[in-house]
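Residue strings, one per chain:
Number of protein chains: 2
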Amino acid sequence: MRVSFRWCLPVAVGMVTLWRVVVILLVAAANLEVEVWGFRPKTVQPLYRSTGKWKARHAHRVEKDQTWIWPLPAEWSKGESTLLVDSQLELVVRGALNQSHVLEESFERYIAHIFVHLTEKDVVSKIKRRKWGGETLQKLVVNVVSDDETLQLGTDESYTLQVPAEGKTSEAYLEAATVYGALRGLETFSQLCRFNFSIKAVQIAETPWNVKDSPRFQFRGLLIDTSRHYLPVETIKKIIDSMAFAKLNVLHWHIVDTQSFPLEIPSYPDLWKGAYSKAERYTMDDARNIVEYARRRGINIMPELDSPGHAASWGVGYPKLWPSRDCQQPLDISSKLTFEVIAGILADFRNVFPFKLMHLGGDEVDTSCWNNTPHVNDWLEKRNLSAHDGYASFVLEVQKLAIALDWAPVNWEEPFNEFGNLLHPDTVVHEWLSNDLVPKIIATGRQCIVSNQDVWYLDHLDVPWELFYLNEPLTDLNSAEQQRLVIGGEVCMWGETADPSDIEATIWPRAAAAAERLWSPVHSANSTATARARLSRFRCLLNERGVGAGPVRNYYAREGPYEPGSCYDQ
Amino acid sequence: MRVSFRWCLPVAVGMVTLWRVVVILLVAAANLEVEVWGFRPKTVQPLYRSTGKWKARHAHRVEKDQTWIWPLPAEWSKGESTLLVDSQLELVVRGALNQSHVLEESFERYIAHIFVHLTEKDVVSKIKRRKWGGETLQKLVVNVVSDDETLQLGTDESYTLQVPAEGKTSEAYLEAATVYGALRGLETFSQLCRFNFSIKAVQIAETPWNVKDSPRFQFRGLLIDTSRHYLPVETIKKIIDSMAFAKLNVLHWHIVDTQSFPLEIPSYPDLWKGAYSKAERYTMDDARNIVEYARRRGINIMPELDSPGHAASWGVGYPKLWPSRDCQQPLDISSKLTFEVIAGILADFRNVFPFKLMHLGGDEVDTSCWNNTPHVNDWLEKRNLSAHDGYASFVLEVQKLAIALDWAPVNWEEPFNEFGNLLHPDTVVHEWLSNDLVPKIIATGRQCIVSNQDVWYLDHLDVPWELFYLNEPLTDLNSAEQQRLVIGGEVCMWGETADPSDIEATIWPRAAAAAERLWSPVHSANSTATARARLSRFRCLLNERGVGAGPVRNYYAREGPYEPGSCYDQ
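Just so you know, the sequences run in chain order B and L. For the first sequence, UniProt numbering assigns the number 1 to the initial residue and increments by one for each residue that follows. For the second sequence, UniProt numbering assigns the number 1 to the initial residue and increments by one for each residue that follows.
If we strip away everything but chain B, and leave its shape as in the complex, we get:
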């Protein structure tokens, strides 16, 4: 029996209090309306069920002039009539794209979400049309201009959507340059549809709708980390589904790290001996399957191969990659094998990951292992290189390997901070320590991705959704040319404390706050006061679609609700 007492609790309480003060100050500085909810220790459990009095808390108020679409479209207008949606709603595909499986499958998924409360489609459809009178919406006509289904960074995601006023016509009209724009439009359409329990039918309120939409940033990412905890293929697919609901479009797959190496690498078949177990692994077919599953939802997979740090698990299969058994990373720079293995991995990746960007990591490199290991130290000295020079040459060598395979390299910000002028001009710098860095990256003409960890790291459970929402990637960047170099942002779900049991509640709803920041025009997505009810509604929508999004108002992310109540209130 092992009993550990919590001597650290007083310290933790002090830290919480301190952090709360920080949040209050931040919030005050930003002049925001943030409720700071009281923390309730999870240890106080009700021993009996409450028998209290019923309290009227009809949370689901219809607020006039509120537009519930999440994230908000670029432009829209709406009217005042209400349209009934036929439960036999048909998809009609026009334009260049004949018989797109991507579009048809997506439509089927949305039909399942929209009509979750109807079980006998034919019957209900007839009855409702009789009862309701008037014209119902019977067709969604989708016109896709291009028949090219390639998904890539910068793929056009714009669309226009017209939903008629009641009685005008029975067709809604969705037009997009690409099938992926059409998917974004389908998501918007699905969010307009609401089941009316009184008449048992799906309706669209405030018709006619005219939506003209396109994303503010081309890169809207979410990082998952399958090294700290293995995420089964099923879990990854569910995360991809949920990303599409928020119009995120890049899943940054931080595949391997110090703790485990779960992916098969055909060129070096012992690498996945570094997996946690024989079962916590992905085959290359799994990766292919995930890429295709994501593509059909308009989501790119950006793989990451982090080196020379964060790589100790590589040496389980190939111990020679370690400077020594006791000093396991950064990977042995003096060994030819190191770069052969990296070249092999990248070549294998290229067969599976079609995305233009390849994340090469390069962060948090502590070179003391190189100096402390005689043969590595000798190697450096012979070449008159400091360990720091070695770090630079390592990263640059890996960049070359990636560029030769037609990738644009992405690196975490440390290589930029340490030897930015040496990095390939096409390098996309992934800022994470502080977004003060963004103007400096831009000044070198390089592109960047914003993920400042103070507010966009999802594993920081004490960061409220408001701070996710208000993190503006273009702060202090005024010219269009500067702004264009910020290709987007990404929220990071580091996996130390995230596994299949809590990952959805840790990601959602806060990732949605960032998703609106990255999709919607800055002028319309600017106030947490107006976003609050809309985010609650989006969270409930995620729940209805089977996503375990957590309460919006909890002090700590991913905690369960503190008490009974409506989804819309918590």
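Hints were generated in silico from the structure; no laboratory data involved. It is possible that part of the hints are untrue.
Since copy identity is lost for identical chains, a pair holds within one copy or between any two.
[What the hints assert, rightly or not] Straight line, CA to CA, 27 Å or less: simulated DSSO-like cross-link-like pairs of lysine-lysine:
id: 1; residue 1: Lys273; residue 2: Lys237
id: 2; residue 1: Lys237; residue 2: Lys200
id: 3; residue 1: Lys168; residue 2: Lys200
id: 4; residue 1: Lys400; residue 2: Lys440
id: 5; residue 1: Lys278; residue 2: Lys200
id: 6; residue 1: Lys278; residue 2: Lys78
Mind docking chain L on chain B? Use the hints.
Showing chain L alone in chain B's frame:
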């Protein structure tokens, strides 16, 4: 801005310490091997990713003589050969049951689980057969004796399963009295199949298998509570899926309570005005849909209509059901409307819920509202009834209404405790305060369901899986006649702090511990020491199938993992 400070924290800490001492004493008394894990406050977040050294932790050790099936079958034998499962594995249905959709759909679901890592079935199948040589398993022959697909309390769930040794034959054989027994056998079969990442094929180890299985108890339940938090239809369906994996067979749907009334009642259409919101509702078609979805997985739905307490939400639509606006429950016993409404609800339920058992609640009734409300008090006095007599007469009247509709009534234990001799002899008493009561219920010849809240309430987050596992429903019952009256047990997921974001992690894996107790022979499911690794593996299986089961070893249920690690270790 609202800031609430946590004056209650020292009290909570004291309570935790006290409870920990209780657990330690319990555990010592039961002479168990329980690790009491240190509680780590969730407030301590890593600000940076750890960069530590790789530690070899290959958790997924193959322990000899371990049988991984969860819950353990009644009887089994196994051999020493390993059989390759053809990725084109076919279902062949024989016996009385021609073309059972239940069986076919179920087989398709299991195929998807079993072959999650294979994407190119034909190719892989051929290659593997060549590489591996020998005969692969190509057919699962299922013989169902009865063509009756009625699912009910006591439906025969027994089955036998034979999986051949390698090279003997290409067919496995599953026989069952009913299609529901066949579903249990399919679950067992699916758990024998494991993907071997080295040869990229599904295998069954330790063939030949001969399994002869049937449940120890006919009632193996899980309660969900859709009043404290609305659970979307999708969430309920996912819970039903997961129950089937653990061979649970009754979903006790605690539909309404004080906080909200989410279900449509056609006879009294204003009742669901007591829902939290217009959207947090179920239509009767939803209920029908849920019942059918569950049936196809061999799971009965036992509805609950709790009265006269726990019913304040009824009065939102019909305020006359309340003694007064200020005193809302128990429901007004003096009003004819009260019993008309109950009769209406029960009649509507009867159209949708075919299960033999109807849960009528009757718990935690505080009659002070009756005495404090003049017209109710007058009514009681006129009839020379104490409030306690009123409570009895109320419950008995509702029992009559249910029995007239051909239901066997279930009541929580309070009516039994207060006026047990008056309860209908067919009453199934649902024990929850303490299982000391079980022998007393049995002594009156009545049946009972065991749910003692000290260890089988899932909302008690500090109860470890070991205590769920060791809760023996037949303690102190020696004769077969006595034992027969305990129809089973149920774990209760009360909804005060459970919503779609945390309910799966709160239910699993602890409900699985109870599921083995309820399914497997007491002699084989008796040691937490041997169950530990098996439960971990079952938890990982749930994760692989998309169920958010939490870590097994956390001190508090549903907390995320405390640190990086293998699913099998946490």
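Status of each hint after checking the structure:
1. Proximity of lysine 273 to lysine 237 under the C-alpha cut-off of 27 Å is restricted to the intra-copy arrangement: shortest distance 24 Å within a copy versus 37 Å between copies.
2. For the identical chains of this complex, lysine 237 and lysine 200 are inter-copy neighbours only, at 21 Å across copies versus 31 Å inside a copy, given an alpha-carbon limit of 27 Å.
3. Taking identical chains as interchangeable, the C-alpha atoms of lysine 168 and lysine 200 lie at most 27 Å apart only when both belong to the same chain, with a minimum of 22 Å there against 57 Å between chains.
4. Taking the shortest Cα distances, lysine 400 and lysine 440 sit within 27 Å of each other inside one copy (23 Å), while across copies they are farther apart (79 Å).
5. For a Cα distance limit of 27 Å, the shortest separation of lysine 278 from lysine 200 across copies, 12 Å, qualifies, whereas the shortest one inside one copy, 50 Å, does not.
6. For a Cα distance limit of 27 Å, the shortest separation of lysine 278 from lysine 78 across copies, 23 Å, qualifies, whereas the shortest one inside one copy, 55 Å, does not.
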